[in-house]
Amino acid sequence: MNKYRIIAFGITKELLGGRETIIEIKGQTVGALRTALNERYPQLLNLRSLLIAVNNDYADEDVLLGASDEIALIPPVSGG
Amino acid sequence: MFFFVFLAYFLTFIPRCILLFNQSFQIMIKITEKSIDVQKIIDTVSSLSAGALNVFIGTVRNNANGKNVLWLEYEAYETMAVAQIRKIMDEASHRWPLLGWAVSHRIGTLKPGEVSVVVAVSTPHRKDSFEACQYIIDSVKAAAPIWKKEVFEDGEEWVSARPEMMKA
Chain A
1 MNKYRIIAFG ITKELLGGRE TIIEIKGQTV GALRTALNER YPQLLNLRSL
51 LIAVNNDYAD EDVLLGASDE IALIPPVSGG
Chain B
1 MFFFVFLAYF LTFIPRCILL FNQSFQIMIK ITEKSIDVQK IIDTVSSLSA
51 GALNVFIGTV RNNANGKNVL WLEYEAYETM AVAQIRKIMD EASHRWPLLG
101 WAVSHRIGTL KPGEVSVVVA VSTPHRKDSF EACQYIIDSV KAAAPIWKKE
151 VFEDGEEWVS ARPEMMKA
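Going line by line, the protein sequences match chains A and B.
Numbering follows the working numbering, with no gaps: position 21 of the first sequence is 21.
Numbering follows the working numbering, with no gaps: position 104 of the second sequence is 104.
Simulated from the structure, these hints should not be mistaken for lab results.
Accuracy of the hints is not assured; some may be wrong.
Where chain A lies over chain B, by a calculated footprint (3+ residues, C-beta under 8 Å) [what the hints assert, rightly or not]:
| no. | segment |
| --- | --- |
| 1 | 78-92 |
| 2 | 104-117 |
| 3 | 137-143 |
| 4 | 146-157 |
The beta-carbon is built from N, C-alpha and C at its ideal position, and this holds for glycine as well.
Build the full structure now, drawing on both the sequences and the hints.
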C-alpha cells in the first residue's frame, strides 16, 4: 500500500471533510488514486469534473506519484 | 582560461540584470485578500513605448439563476494559480507583443459591486491589447485553480461544481 497526502479545494474540501486527507492506495498512479477516492468518497462522482494536480500542474491518469509530491483535487474552477 | 570563462559570465550578467530590473516594473501576478487598486495595476503595466493599454475588470454580480446574491466566497490554490497564470502569460507573450501585463485576483469574502479580478496589458497598438486581454481573462477563468461560492438568502452553492441537470 502507498500512502499519499491529498489537499482539497472548493466543494471537494467539504466532501472530504477538510483541507488535508491521508489516503492509502494499492497503485502509484493518478488513475489509481482517482479510483480509490471515488470508492471512499462516492459523492465525488456527482461533480461536473474532477482534475488532479501534481506539483502545481494538471496531471494525466498515468502520472506516477511520489511520496513527496504535492497532490491536489481540482473540482470545476470558477474564478473571475 | 578561467579568466575568460569569468569574463564571459560577467558580460552576460549585465544584460540579465537590466532585463530583471525592467520586468519587475511591468509584470505582476497577485492573489490577494485585499481590495484591488485598479490604478496601481494600470501604473504597473504602463510603458512609454505603448500606444494601447487594455484593462478588464471583473465585478461581483448581485444575482445568479434569478436569486439575490448576498456575497461570494473566493478560494484559491495559490501556488498553482500563480503557476498556471504564469503559463498563460508565457503563451500570451508569444502571441502578442506585450510591453507590460498584470493579473490580480481577489480571494475571501466579496460583496456585490466589488472588483474580483483585473487583467491589464499594454502593447504598441490597440488591436493586440484587446485580443491579448480577452485571451488572458478567458484562460484564467478556464485554467486557474480558483473557486467561488455564491451565498444566497436560502443557502449557498459552489459555482459550476455540479452538472446543470443536477441543480434544483
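- In terms of beta carbon proximity below 8 Å, does the segment 137-143 of chain B have 3 or more residues touching chain A? Coverage by chain A holds for the segment 137-143 of chain B (5 residues, Cβ < 8 Å).
- Message: Using C-beta distances, would you say chain A covers the segment 78-92 of chain B, given that this needs three or more residues below 8 Å?
- Response: Our answer is that it holds, as 5 residues pass the Cβ test (under 8 Å) against chain A, meeting three.
- Task: State whether the coverage of the segment 104-117 of chain B by chain A holds or is violated, taking the criterion as 3 or more residues with Cβ-Cβ distances under 8 Å.
- Result: Holds, because 3 residues of the segment 104-117 of chain B bring their Cβ atoms closer than 8 Å to Cβ atoms of chain A.
- At a Cβ distance under 8 Å, does chain A reach at least three residues of the segment 146-157 of chain B? Three-residue rule met by the segment 146-157 of chain B, so holds; n is 4.
Hint check: no violations occur; every hint is consistent with the structure.
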